[in-house]
Amino acid sequence: MSTTVKKIYKSLEYGPAPEDSSEALKWLKGHGSKFNLFIGGKWVKPSQGEYFKTINPANGKSIANISLAKKKDIDRAVKAAQKASPYWLALSPHKRSRLLYTLARLIQKNARLLAVLETLDNGKPIRETRDIDIPLVARHFYHHAGWAQLMHSEFKGYQGLGVVGQIIPWNFPLLMLSWKIAPALAAGNTVVLKPAEQTPLTALLFAELCEQAGIPPGVVNIVTGDGRSGELIVNHPKIAKVAFTGSTEVGRLIRKATAGSRKKLSLELGGKSPFIVFEDADLDSAVEGIVDAIWFNQGEVCCAGSRLLVQENIADKLIRKIKDRMSKLRVGNPLDKSVDLGAIISKTQLKTIGKLVEKGEKEGGIVWKPPIDIPATGNYLAPILFTGVAPSDTICQEEIFGPVLVSMTFRTHDEAVKLANNTRYGLAASVWTENIDLALDIAPRVKAGTVWINSTNSFDAAAGFGGYRESGFGREGGREGMYEYMKLDLPIPKILDRKTSAATTQKAGSPIDRTPKLYIGGSQVRPDGGYSSVIMDPVGKKIGDVGKGNRKDIRNAVEAAHKAGAWASMTGHQRAQILYFIAENLSARHDEFSIRLIEQLHISNSAARKEVDSSIERIFHYAALADKYDGKVHSTVKRNITLAMPEPVGVIGVACPDSYPLLGFLSVILPLIAMGNTVVAIPSMIAPFSATDFYQVIDTSDLPGGVVNIVTGDREELASVLASHMDVDGVWYFGSEKGSQSVEALSISNMKRTWVNYGEPRNWENPESGSGEEFLKQATQIKNIWIPYGA
Amino acid sequence: MVRKSALRNSGIPFDSSILEDRWVNKSAVERRAGTLGKRRSVKKEYQAAWLLRAVTMIDLTTLSGDDTEGNVIRLCAKAKKPVRSDILEQMGFDSLTVGAVCVYHNRISTAVEALNGTGIPVAAVSTGFPAGQIAHRDKLAEIKKSVRAGANEIDIVISRDKVLRGNWRGLYDEICAFREACGESHLKTILATGELGNLENVIRASWVCMMGGADFIKTSTGKESVNATLPVSLVMVRAIREYLEMTGFRVGFKPAGGIRTARQALDWMILMKEEVGDEWLSAELFRFGASGLLGDIERQLEHFATGNYSAIHRHPMA
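In order, the protein sequences belong to chains A and B. For the first sequence, position 288 matches number 287 in numbering that gives the first Met the number 0, and the numbering has no gaps at all. For the second sequence, position 269 matches number 268 in numbering that gives the first Met the number 0, and the numbering has no gaps at all.
Just chain B, same shape as in the assembly:
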């Protein structure tokens, strides 16, 4: 996999004409999304290998009001050893880690400490997650505090009101400011697509985020009533592809919320492979925002390793 990782998306000047020239047909998008997983099949050892790869792209997440030091430490422990070592050994792997651990700002220090020396990045949700209904300057302050606390990745929420009111320039300025506040930390922009009303807004918001310098565009917070779906993902990934063609920058993609099964994970991986290629099947350019997904993958992996169907309690919990 050859990738110029140095080429982080630095954004491009705001260009409203790009936004005007975006067309998306929902029915056709749904048709493609609906057939993607039926046109391709990944079985047996291929499936096991793909699922192991999926594990490395998970942002293992806890975003709850009752998060404490204790459960975050447990989550980090799981991030370091996401798959039982006997299963890994059987497949010829020594170790494997997830893509990142994703927490609220208050839990960053715990996670940073727990993951010290592992190379696993800590991601923090920010800017008044999940609703983003706080003042802009407070958003910037939150990002900066999280960066100072050691977060390598900042998952911000965009201002949905700017999308719904068509204030694309305002959204662009917001993203640029977030990006600046992030400094060396990576900027992941959450579109909260379930609240944007339609696919046109999704495609335009994707473009504005990329123009503003997002390293990743992410579907949802996991808190909207509709979170990651294949059609929405398809639209966003096609925007990533076209942005690459236009600018040469590779922007990552993170579907989040609602991805709970290994089968779903494979569908998303097939989508990435078909629409943008294998480069987007690594943690550098792709993440699953999920908390429950890993458990199902573990069960499928044990099934592959032993030939017997597995049970969730046989796998160490997070």
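So that you can see chain A by itself, here it is in the shape it has in the complex:
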């Protein structure tokens, strides 16, 4: 002993500090290192009797045999969940709340066991599972025990969806499970969850905790397996919703597979998140932020700050500091309490990272690794810094999902934003500056679901998390996350039949033949193809012609809509003023618009007048909301202000409904523009003139050109062009079931948000169904901005 102490006294090394894993090993041994499926509250053998191994990435050894769920098993699990569903849905919110609370308590009681098990299975450092993952898991269940309790008071009219299928990744196994299961149960759903093939253990222990907590059989079902097992869940007809966290590649497949199925979908996908450092940042703290951004969990983090953007004048200094800091990182046995980076999940992932690093070097990047010890065996990787790279390099665009940071410089604030947004992804961003004005200028301009000011990778159950662009859609956490697991449970207003006989209609005389053109960028333009379509009235009599738009017209309209992006930065009050002006001008043309409706639809005079009246009222409705549908300040657990801001989605393509040519048209474009989106609308071809007449109202109302663009033509064809357009951020489609399916399937080009009606008609006159909160939710996406404070 004496010589060692003396030696250490001189060297002052840290020495090994392994976390005791005996309890976890005992638990595994107690199960004979073999696990069945947790279905209907029972542990059942996989139908085909197949098992696979889960491997400890730190040493490559098998930890346990895990059941491989096949079709029969998935069917069985969904059936169990279905069977449990009515009871669980009908259970009082308080009772559900108590059960979630019990789960939270059990997670805390088993915190260390869960942490050790997670580290064994995943290879991430025990410090992270112990201090970050598991505490967040418990917090998630506590928070959602609260939402369960408040279901009736806070979410009036909403209820659970039924059976939800959930597929989670290997990078935060139990944390992702909690993000999925806690809100699902709180809202009254039952669950079939598949943990990642590589990391099933904590989910299985969680299943035991569900048993202990007295969660009714079938409410939570844990089915282990591989990608095919997941596919079976996604495609199962009795699943009401699919929630997936994982790669954008798989997210695309899921979007495509579920297109037209009416399954609700939330996808939390990849990222290449920017980490922006301005010259007036606390650089030493920014360096620690970088450590937490890209060397947290070996960089296997969807929101990892993997793209460092640093102001040119401080770049050398910051890079020097980063290198010094990297030289202090410790890579090794993840169970060691003094380790910063553990093992990479698998040999496959190791290879993927290696290939990208190689590519980065080949493309001219300068790779730097710190002179630190890396264990010779096990899936270990040194942290890596790339300099001398540009956006045109592969490693600056592709998600590496490893401990690799790429750094680039910018000159101005605007350039920082441009570089930050030069990506297909939009999950998160980190902004470092001591200038609050600058921070709050940059945060809304970065396309990302979460922006951390002077911080990074902050998570809390009370704040929503989720992406923009190809990082997916839907939010997890907070109030916004709860909506993903609920539906409005209101009686659907009946559809009114307004048709009257042709005999009773008035004829409006149009003395001069006028073929409305398209309306793009605030001007009337001839359709690119030079064709027009004949429009008939209900008895087959020609009313007139409209321009027949084609894909090029859509392209032009989308470009015009992008150019009108300044609309989003106008204040809500300014937008409201313009909407009121539109209402005023429509009101002045009340007769003209009524007559047009009668002419196109052969409805009664009173019905036509009513539609125009309702239209004016709807404009008032959204003008009123333009400065009122605002955000929240979430009560998260850190000392900070977490702003949940609804932001416009961007450029939205809209296929307008056939019924109510004026009110229907306005009901879809108004919420969009009230929230700051710009729109490319395809009017109904049954009665397009109400929309085309509307140009003149728009022109006289000071609405900036390009905010609303109208392209008449074949709805299905044009909707397809919009749905597959990669610079369109969302598509709303109110048409046929087939068209709905097509829009959802085509949206995978850029993972745009879609809202479709699956061919279901909607009562546009009824304020609930014609202008409910759903419209505003669909017109916005929540960005959470974390602003720590303290001086």
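Derived by calculation from the structure, the hints in this document are not laboratory data. What you are looking at is a predicted structure, and each value in this text was computed from that prediction instead of being measured. Take the hints with a grain of salt, since some may be wrong.
Which chain B residues face chain A? A few, computed with CB under 8 angstroms, are given here [stated by the list, open to error]: (1) W22; (2) K25; (3) V28; (4) R38; (5) A48; (6) R52; (7) M90; (8) G91; (9) S94; (10) L195; (11) N200; (12) R237; (13) H302.
Rough simulated footprint, nothing fancy, chain B against chain A, three-plus residues with beta-carbon under 8 angstroms [stated by the list, open to error]: (14) 272-284; (15) 336-350; (16) 481-489.
Quick reminder that beta carbons are idealized off the backbone N, C-alpha and C, glycines included.
Since the structure of chain A is already known, use the hints to place chain B on it.
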């Protein structure tokens, strides 16, 4: 450990632009400070070795109105033998001494005499410690008297009013004058960070003290309501690191006040090791200003040596 100890910080000309370019984010600093001790763990023989090293970096201190010759002599005796010899022997050490003994001016001669021949330096608090609310010329006179009385280190308090009023040039001049008055004795500047209002002031005051030629920058007197904290220390240590990069001078660091447990001592040592490196884990560049810390370290060391938890009365008191 290779260190050019000859390279004592001689200070640099006052440069206000350096002060303007200092940014510090409190929340981020607190996050780092909060995770430092959780990212690293020192256990068993490593912990024992680290704690022995900690002992050698303690400025064993008594700064009370009722200090007499008697208790200062007792303190010096403890400084010479801070850890029970049987425990030391078990770990292969013959002897070990603390970093210094720290007293008021009036008690310097007693301490110098008691420590004669041990090589343990005597540190004296000075310049109207702890408040520093006396005339500048009296401060200089006090330093000179203490140096003449045999103090090897002078722990001065900076004029907080100069910080709070942004008179950085004035503070710089003050430190330069103190440094000159110290002569060969080392200058330790106490920032009294608990009274500076914010971290920006802490970082700027650290820089001004270093520019003025401080050998050590020290957090607190131990008499403020908030004394040494990890976040404040982190800010000061990062300033030391950057000063080294800019000038090549190594400035020491002394957290003082509120460090009472072995666990805390390890946290500070981890901070030094991670932020500035092993060089700052020796008495030449690092001190704990503490009176109660040693007792807890002794107990932990006995626990390591015997495997049983220890009691404070089993260790000779100071």
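Here is how each hint holds up against the structure:
1. W22: For B/W22, the interface hint holds, since the closest Cβ of chain A sits about 4 angstroms away, which is under 8 angstroms.
2. K25: With a minimum Cβ separation of about 4 angstroms from chain A (threshold 8 angstroms), the hint on B/K25 holds.
3. V28: Cβ of B/V28 sits 6 angstroms from chain A, so the hint holds.
4. R38: Where the cut-off is 8 angstroms and the nearest Cβ of chain A is about 6 angstroms from B/R38, the hint holds.
5. A48: 4 angstroms, holds
6. R52: Check passed: Cβ of B/R52 comes within 6 angstroms of chain A, closer than 8 angstroms.
7. M90: B/M90 check passes; min Cβ-Cβ to chain A is 4 angstroms, inside 8 angstroms.
8. G91: Status holds, d = 3 angstroms.
9. S94: 13 angstroms, violated
10. L195: For B/L195, the interface hint is violated, since the closest Cβ of chain A sits about 12 angstroms away, which is over 8 angstroms.
11. N200: Not OK, violated: B/N200 not within 8 angstroms of chain A, min 11 angstroms.
12. R237: Holds, about 5 angstroms.
13. H302: 14 angstroms, violated
14. 272-284: holds (count 6)
15. 336-350: With 3 residues closer than 8 angstroms to chain B, the region 336-350 of chain A meets the three-residue bar; holds.
16. 481-489: Three-residue rule not met by the region 481-489 of chain A, so violated; n is 0.
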